[in-house]
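**Q** Residue numbers (the working numbering), protein chains in the order written: chain A, 130 to 347; chain S, 130 to 347; chain Y, 19 to 235; chain E, 19 to 235.
Simulated from the structure, these hints should not be mistaken for lab results. Watch out, some of these pointers could steer you wrong.
Simulated crosslink set (EDC-like; lysine to aspartate or glutamate; CA at most 16 angstroms straight-line) [claimed, not checked]:
1. Lys148(E) x Asp63(Y)
2. Lys133(S) x Glu274(S)
3. Lys148(Y) x Asp167(Y)
4. Lys148(Y) x Asp34(E)
Some chain S residues well away from chain Y (every beta-carbon gap over 10 angstroms; in silico) [to be verified]:
5. Arg138
6. Gly147
7. Ala166
8. Arg184
9. Asp212
10. Met250
11. Gln272
12. Leu314
13. Arg317
14. Pro319
15. Leu327
16. Pro341
The beta carbon of each residue, even a glycine, is placed where N, CA and C say it ideally should be.
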Amino acid sequence: MDAKELIARRVAREIRPGMLVNLGIGLPSMVANYVPATLGVFFQAENGVIGLGARPPEGMQDPHLTDAGGGFVSAVPGAASIDSAMSFGLIRGGHLDMTVLGGLQVNQAGQLANWKVPGKMVPGMGGAMDLVTGAARVVVAMQHEVKGQSKIVRACGLPLTSLRRVDLVVTDLAVIAPTEAGLELRERAPGVSVADILAATEAELIVPADVPEMVLAP
Amino acid sequence: MDAKELIARRVAREIRPGMLVNLGIGLPSMVANYVPATLGVFFQAENGVIGLGARPPEGMQDPHLTDAGGGFVSAVPGAASIDSAMSFGLIRGGHLDMTVLGGLQVNQAGQLANWKVPGKMVPGMGGAMDLVTGAARVVVAMQHEVKGQSKIVRACGLPLTSLRRVDLVVTDLAVIAPTEAGLELRERAPGVSVADILAATEAELIVPADVPEMVLAP
Amino acid sequence: MKGALKAAAAAEMIPDGASLMIGGFMAVGTPERIIDAIVERGVRDLTVIANDTAMPGHGIGKLITAGLVRRVVASHIGLNPETQAKMIAGEIACELVPQGTLIERIRAGGMGLGGVLTPTGLGTEVEEGKQIVEVEGKRFLVETPLKADFALIGAWQADYVGNLAYLLTAHNFNPIIALAGATVIAEPEAIVPVGVIPPDLVKTPGVLVDHLIVRES
Amino acid sequence: MKGALKAAAAAEMIPDGASLMIGGFMAVGTPERIIDAIVERGVRDLTVIANDTAMPGHGIGKLITAGLVRRVVASHIGLNPETQAKMIAGEIACELVPQGTLIERIRAGGMGLGGVLTPTGLGTEVEEGKQIVEVEGKRFLVETPLKADFALIGAWQADYVGNLAYLLTAHNFNPIIALAGATVIAEPEAIVPVGVIPPDLVKTPGVLVDHLIVRES
Numbered sequence: 130m131d132a133k134e135l136i137a138r139r140v141a142r143e144i145r146p147g148m149l150v151n152l153g154i155g156l157p158s159m160v161a162n163y164v165p166a167t168l169g170v171f172f173q174a175e176n177g178v179i180g181l182g183a184r185p186p187e188g189m190q191d192p193h194l195t196d197a198g199g200g201f202v203s204a205v206p207g208a209a210s211i212d213s214a215m216s217f218g219l220i221r222g223g224h225l226d227m228t229v230l231g232g233l234q235v236n237q238a239g240q241l242a243n244w245k246v247p248g249k250m251v252p253g254m255g256g257a258m259d260l261v262t263g264a265a266r267v268v269v270a271m272q273h274e275v276k277g278q279s280k281i282v283r284a285c286g287l288p289l290t291s292l293r294r295v296d297l298v299v300t301d302l303a304v305i306a307p308t309e310a311g312l313e314l315r316e317r318a319p320g321v322s323v324a325d326i327l328a329a330t331e332a333e334l335i336v337p338a339d340v341p342e343m344v345l346a347p
Numbered sequence: 130m131d132a133k134e135l136i137a138r139r140v141a142r143e144i145r146p147g148m149l150v151n152l153g154i155g156l157p158s159m160v161a162n163y164v165p166a167t168l169g170v171f172f173q174a175e176n177g178v179i180g181l182g183a184r185p186p187e188g189m190q191d192p193h194l195t196d197a198g199g200g201f202v203s204a205v206p207g208a209a210s211i212d213s214a215m216s217f218g219l220i221r222g223g224h225l226d227m228t229v230l231g232g233l234q235v236n237q238a239g240q241l242a243n244w245k246v247p248g249k250m251v252p253g254m255g256g257a258m259d260l261v262t263g264a265a266r267v268v269v270a271m272q273h274e275v276k277g278q279s280k281i282v283r284a285c286g287l288p289l290t291s292l293r294r295v296d297l298v299v300t301d302l303a304v305i306a307p308t309e310a311g312l313e314l315r316e317r318a319p320g321v322s323v324a325d326i327l328a329a330t331e332a333e334l335i336v337p338a339d340v341p342e343m344v345l346a347p
Numbered sequence: 019m020k021g022a023l024k025a026a027a028a029a030e031m032i033p034d035g036a037s038l039m040i041g042g043f044m045a046v047g048t049p050e051r052i053i054d055a056i057v058e059r060g061v062r063d064l065t066v067i068a069n070d071t072a073m074p075g076h077g078i079g080k081l082i083t084a085g086l087v088r089r090v091v092a093s094h095i096g097l098n099p100e101t102q103a104k105m106i107a108g109e110i111a112c113e114l115v116p117q118g119t120l121i122e123r124i125r126a127g128g129m130g131l132g133g134v135l136t137p138t139g140l141g142t143e144v145e146e147g148k149q150i151v152e153v154e155g156k157r158f159l160v161e162t163p164l165k166a167d168f169a170l171i172g173a174w175q176a177d178y179v180g181n182l183a184y185l186l187t188a189h190n191f192n193p194i195i196a197l198a199g200a201t202v203i204a205e206p207e208a209i210v211p212v213g214v215i216p217p218d219l220v221k222t223p224g225v226l227v228d229h230l231i232v233r234e235s
Numbered sequence: 019m020k021g022a023l024k025a026a027a028a029a030e031m032i033p034d035g036a037s038l039m040i041g042g043f044m045a046v047g048t049p050e051r052i053i054d055a056i057v058e059r060g061v062r063d064l065t066v067i068a069n070d071t072a073m074p075g076h077g078i079g080k081l082i083t084a085g086l087v088r089r090v091v092a093s094h095i096g097l098n099p100e101t102q103a104k105m106i107a108g109e110i111a112c113e114l115v116p117q118g119t120l121i122e123r124i125r126a127g128g129m130g131l132g133g134v135l136t137p138t139g140l141g142t143e144v145e146e147g148k149q150i151v152e153v154e155g156k157r158f159l160v161e162t163p164l165k166a167d168f169a170l171i172g173a174w175q176a177d178y179v180g181n182l183a184y185l186l187t188a189h190n191f192n193p194i195i196a197l198a199g200a201t202v203i204a205e206p207e208a209i210v211p212v213g214v215i216p217p218d219l220v221k222t223p224g225v226l227v228d229h230l231i232v233r234e235s
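Just need the whole structure built from these sequences, with the hints factored in.
**A** Have a look at this one:
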């Protein structure tokens with residue numbers, strides 16, 4: 130199992146029946162693959178639909194039904210069209226139960242940077258700032274390190290997405306819960322030790338006596 | 130012709146083809162009777178429809194289609210349903226071309242009081258404050274006097290509806306245009322002299338050399 | 019999927035002292051069966067946030083007549099003489115709000131905005147005691163957001179996901195208050211199978227709705 | 019009743035230096051024929067207010083490629099490398115705005131509100147240079163309203179009153195920008211007789227629309 134699949138399978142277990150969930154482009158969008166249809170979860174695409182469904186078979190694409198990345202999708206029975214004001218009203222107003230986003234850095238206070246690398250990548254924040262500020266629960270899904278550098282840092286060198294403390298960080302090595310006390314190590318990836326995680330993490334982690342291994346969605 | 134019909138027929142002549150118009154309850158609502166269907170005017174009821182039509186025949190009322198007074202109405206072809214946020218967005222945003230409202234007093238500055246008589250009548254302002262503040266053109270339709278007292282006053286004794294200067298006042302005696310210079314007497318009702326109007330008006334009027342008689346809609 | 023409750027079961031959820039946003043404009047689009055159940059149960063000291071208090075015998079007017087309401091936030095109470103009489107007698111506290119401001123305050127509460135910047139009410143009694151901010155050289159009142167413990171919605175069609183569609187002037191406050199109630203209870207005229215309401219006709223996405231009221235026969 | 023114009027005639031109305039709000043999200047719901055006509059005519063120094071600049075060869079991307087845009091106000095330009103390259107080269111000035119803030123700023127402009135009070139962006143680069151107000155003990159950014167000379171709308175159905183209906187995710191910015199353009203031009207996929215679009219499916223009332231673009235064959 131590669132790192133991305135592992136992260137997606139672990140994040141999938143955070144999703145509860147009946148939730149409204151927004152999945153970011155890229156890795157986060159993979160989470161949907163591991164959420165059983167029986168949960169009655171609704172996925173929001175912030176460009177305008179509640180009840181996002183799978184990619185349609187070839188020849189059945191509708192140019193009026195796409196996700197936030199511009200790719201063709203389908204809609205489940207019971208889907209609703211929403212304009213951008215309603216879409217972000219749901220997000221900002223806390224009606225979105227969970228957002229899963231990629232991250233560039235998470236700092237000691239549990240704050241996320243994920244929208245800009247000054248001088249290199251200035252794509253615009255899109256919906257990220259509203260999602261992180263407004264969603265009821267914010268889950269960051271990202272690799273633990275990039276080019277040998279920890280993405281869980283004491284202080285973000287990159288511009289913050291929001292002052293809001295995120296609720297959970299899931300990486301290929303660990304599950305970390307930012308709390309008022311600091312970053313709590315909650316789970317280890319299969320075959321990864323607490324020492325491995327500490328070695329790969331720049332920020333200070335609160336390590337409880339027992340750090341169980343992640344359970345992944347099937 | 131009674132005073133109300135005269136006022137309604139004169140106001141009707143202010144309405145131009147294709148306008149979106151909101152008529153207040155009572156006297157203003159009579160204006161619709163004198164606007165020919167060929168003008169392509171759309172009437173808004175602020176409770177939620179653009180394209181308000183006449184009262185339906187007995188037995189054809191729909192409990193989901195009423196005007197702002199709660200009375201049954203019909204809808205013209207090309208009507209649109211709007212919720213209250215859109216309805217007042219159209220009003221406040223200046224998309225409403227004209228509103229016709231009743232008045233209690235208009236002062237020397239052309240400001241309207243029409244929502245409250247302290248200690249006597251405190252019904253709430255409903256949509257009046259938004260209509261007067263936001264509509265592109267505000268026309269006040271009211272009797273010139275009540276119980277022998279002028280309703281066109283130097284200063285309103287009653288609470289103002291808005292700081293906004295209204296655009297036209299149509300009474301059973303006169304048409305008056307509030308301007309930066311003051312209240313300009315524009316027209317006389319049939320058979321009414323300028324002296325009659327001045328005698329019935331507490332506020333100061335600017336009287337041009339020629340004050341023509343009103344032309345009424347048929 | 020949401021089950022559908024009887025109106026009496028919905029009224030059981032509402033405690034004394036609760037704040038209720040109630041849809042409808044002069045009782046058009048108001049959920050009458052929920053209101054009847056609240057009157058039946060006799061819930062007291064309610065705060066009602068709505069466009070108006072209808073008229074005696076209709077919609078919110080029934081709550082007023084039954085003496086269940088302690089506070090009203092509305093744009094207009096003029097067609098209900100009982101509301102006016104109780105206000106003058108000090109039995110009901112009334113906050114009167116311009117209609118366009120009221121609906122935007124509810125929308126702001128439901129959509130996580132900090133309030134409303136509006137020119138409506140500037141220089142009038144409505145301005146009293148309120149913060150004013152200047153934006154690009156123009157002055158605006160800061161009107162605070164509104165939320166409530168419950169939003170009581172009158173709708174046309176619902177499905178069991180909770181999606182709602184409305185008819186004509188029965189929209190009014192309903193699609194907006196659906197955003198601002200901690201618990202949202204919808205009383206549709208009909209409940210149809212999931213998939214029957216076209217996505218483009220849904221004005222209130224089902225994710226906002228907590229409970230549906232079943233049609234009682 | 020509104021007549022229907024050819025796209026070229028609509029483009030003729032747009033002068034150099036105009037500000038355009040353009041509907042669409044990654045070119046879904048964007049009025050492509052109007053854009054093609056603007057490119058054809060070569061209108062210069064445009065300000066574009068939109069969610070994004072799509073990608074080269076699609077929607078707003080065509081305006082970028084043709085070098086007609088001087089300023090962009092958008093939430094995301096990441097999928098159009100040309101926009102990014104021109105921004106870095108100083109050919110296009112970009113104001114990047116959080117998506118939810120951007121759509122509310124447009125709505126505020128169109129609905130006569132003084133601005134938007136939002137928590138989004140507080141404590142980030144987005145806050146820089148902006149007014150902050152405190153409401154009920156919480157701090158919010160004051161984001162200014164946005165309007166434009168033209169709103170260019172992609173719609174599904176129109177009637178000759180100008181009423182517009184949209185499909186699925188092709189709604190996006192379209193129903194909101196229809197409120198904020200001094201002149202509103204809609205490009206529907208079909209124009210149907212008046213009365214064909216049910217009142218409850220109309221998302222943009224015809225009174226907001228100035229011109230329709232006829233289907234060219």
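**Q** Each of the hints needs a verdict: does it hold here or not?
**A** To see whether the hints hold, each was checked on the structure:
1. Lys148(E) x Asp63(Y): Violated - the C-alpha atoms of Asp63(Y) and Lys148(E) are around 42 angstroms apart, more than 16 angstroms.
2. Lys133(S) x Glu274(S): holds, 13 angstroms
3. Lys148(Y) x Asp167(Y): violated, 25 angstroms
4. Lys148(Y) x Asp34(E): violated, 43 angstroms
5. Arg138: holds, 27 angstroms
6. Gly147: holds, 23 angstroms
7. Ala166: With a cut-off of 10 angstroms, Ala166(S) remains clear of chain Y, as the shortest Cβ separation is near 21 angstroms.
8. Arg184: With a cut-off of 10 angstroms, Arg184(S) remains clear of chain Y, as the shortest Cβ separation is near 14 angstroms.
9. Asp212: The assertion about Asp212(S) is violated, with a minimum of 4 angstroms to chain Y.
10. Met250: The claim breaks: Met250(S) does not keep its Cβ more than 10 angstroms from every Cβ of chain Y (closest is about 8 angstroms).
11. Gln272: holds, 19 angstroms
12. Leu314: The assertion about Leu314(S) holds, with a minimum of 26 angstroms to chain Y.
13. Arg317: holds, 32 angstroms
14. Pro319: holds, 34 angstroms
15. Leu327: holds, 29 angstroms
16. Pro341: holds, 34 angstroms
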